[in-house]
Amino acid sequence: DAGVIQSPRHEVTEMGQEVTLRCKPISGHDYLFWYRQTMMRGLELLIYFNNNVPIDDSGMPEDRFSAKMPNASFSTLKIQPSEPRDSAVYFCASRWEGAVADTQYFGPGTRLTVL
Amino acid sequence: QKEVEQNSGPLSVPEGAIASLNCTYSDRGSQSFFWYRQYSGKSPELIMSIYSNGDKEDGRFTAQLNKASQYVSLLIRDSQPSDSATYLCAVGPGATNKLIFGTGTLLAVQP
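Chains as they are written, first to last, in the numbering used here: chain A, 40 to 154; chain B, 3 to 113.
Calculated from the structure, these hints are not laboratory results.
This structure is a prediction, so every number in the text was calculated from the model and none was measured.
Note that CB positions come from ideal geometry on N, CA and C, so glycine has one too.
One or more hints might be untrue.
To be verified - Label pairs and their calculated CB-CB ranges:
| id | chain 1 | residue 1 | chain 2 | residue 2 | range |
| --- | --- | --- | --- | --- | --- |
| 1 | B | 17 | A | 53 | 40 to 48 angstroms |
| 2 | B | 17 | A | 137 | 38 to 46 angstroms |
| 3 | B | 61 | A | 113 | 32 to 40 angstroms |
| 4 | A | 123 | B | 44 | 34 to 42 angstroms |
Could you put the whole structure together from the sequences, leaning on the hints where they help?
Structure (structure tokens):
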């Protein structure tokens, strides 16, 4: 299995620009999670989906952030407009309902730098 | 109070020694407990999970859980320089029904 796939791996953009991060979960997994990791705040859950439906988006920092999962094999996290404080590593993770509770598998991450 | 607390370290141990990493959590309803290893610039990798009180051993790794004290630990025996990484404690699902991560402990194994 290819594991969780994320793109791009690195993104550098200017303040005010729109940023779209992409994730392909492991085939057969029915939960998908978006996390953000910074030195100051550690690994924070932004939003998670179950069977393509958003379940909890309470971690989304503000309206500039949005996430979609149009099908079981693809999800996007969009930031519009981006700000320097959004600079972080964004991870996507997935898991299977039938697996041991909450065993999540992480993608390689997208390192976002907003100038 | 943070939901999952870890000492940020760095924890420095000599090669061959036992490294002991600790984690406390606030949600008494938590049912599952995990240790992830994260090398610099890489993604978290699951190394241990534990669900009931006591010890669970896997190779050089032992996870210990004490739900009464809301405490979970990871012991690494015969530490190797390749064990040098940040170790993240994760807890769930409790009342929040989400996996909550600590900020991690940086382990440095000195050759």
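Each hint tested on the structure:
no.	hint	in the structure
1	B:17 with A:53: 40 to 48 angstroms	46 angstroms, holds
2	B:17 with A:137: 38 to 46 angstroms	40 angstroms, holds
3	B:61 with A:113: 32 to 40 angstroms	36 angstroms, holds
4	A:123 with B:44: 34 to 42 angstroms	24 angstroms, violated
In terms of the numbered hints stated before, the structure departs from hint 4 and from no other.
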